[in-house]
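Chains as they are written, first to last, in my numbering: chain A, 2 to 113; chain B, 6 to 117.
Treat each hint with caution, since some may be false.
Stated by the list, open to error - Facing chain A, from chain B, some residues (calculated, C-beta under 8 Å):
{"no.": "1", "residue": "P13"}
{"no.": "2", "residue": "Q106"}
{"no.": "3", "residue": "G109"}
Everything labelled a hint here was simulated from the structure, so no lab data went into it.
Quick reminder that beta carbons are idealized off the backbone N, C-alpha and C, glycines included.
These are the residues of each chain, in order.
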Amino acid sequence: QKEVEQDPGPLSVPEGAIVSLNCTYSNSAFQYFMWYRQYSRKGPELLMYTYSSGNKEDGRFTAQVDKSSKYISLFIRDSQPSDSATYLCAMSESGTASKLTFGTGTRLQVTL
Amino acid sequence: EPEVTQTPSHQVTQMGQEVILRCVPISNHLYFYWYRQILGQKVEFLVSFYNNEISEKSEIFDDQFSVERPDGSNFTLKIRSTKLEDSAMYFCASKRGENIQYFGAGTRLSVL
Numbered sequence: 002q003k004e005v006e007q008d009p010g011p012l013s014v015p016e017g018a019i020v021s022l023n024c025t026y027s028n029s030a031f032q033y034f035m036w037y038r039q040y041s042r043k044g045p046e047l048l049m050y051t052y053s054s055g056n057k058e059d060g061r062f063t064a065q066v067d068k069s070s071k072y073i074s075l076f077i078r079d080s081q082p083s084d085s086a087t088y089l090c091a092m093s094e095s096g097t098a099s100k101l102t103f104g105t106g107t108r109l110q111v112t113l
Numbered sequence: 006e007p008e009v010t011q012t013p014s015h016q017v018t019q020m021g022q023e024v025i026l027r028c029v030p031i032s033n034h035l036y037f038y039w040y041r042q043i044l045g046q047k048v049e050f051l052v053s054f055y056n057n058e059i060s061e062k063s064e065i066f067d068d069q070f071s072v073e074r075p076d077g078s079n080f081t082l083k084i085r086s087t088k089l090e091d092s093a094m095y096f097c098a099s100k101r102g103e104n105i106q107y108f109g110a111g112t113r114l115s116v117l
């Protein structure tokens, strides 16, 4: 079983749609959960950061973590063409130098 | 806004040659990382560095790889004898203390 699983897509939605992106993981030691956005041939850009279980909202973006199910989600409301990118979930254990373990990324296309 | 800077953006080298990839982390950050992403694959951890020593390294980070912080601002990744399979995007990341890593735009390494 892969440590972090993420549906690679591609996912195509019309402008204004609500997008749901998800990851599952197997390592129960993961405590920190992040969503990064990556444009083609660019570096990952941090979107959302959550510690342990719960929800976090930032503008059109909502991150949810359910540690009991080992499942995290990112919701994008009122999606825009500029949201078209690859979305990477990433996780780390506690410990200050902890590495990030990434999912494969989901490619999102928001069409006009 | 402070950012992680990587140079060069693209490095082409012949198999067997040594390459040095350079990174300038965000100035007050204390933890430094290298990741790589082979085209079409997920971002993979290579090495973490703190207090002038390696904190953790992955199986990928074998004896051909080394890291150095030669002065107060630069953080380098050296590959001694490049192989074709080293062709990838290499990302440098840094963080201060909390578990949020900020990534550079990457160096695309092409080994011919």
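Comparing the hints with the structure gives:
no.	hint	verdict
1	P13	14 Å, violated
2	Q106	6 Å, holds
3	G109	5 Å, holds
Hint 1 from the earlier list is the only one contradicted by this structure; the remaining hints agree with it.
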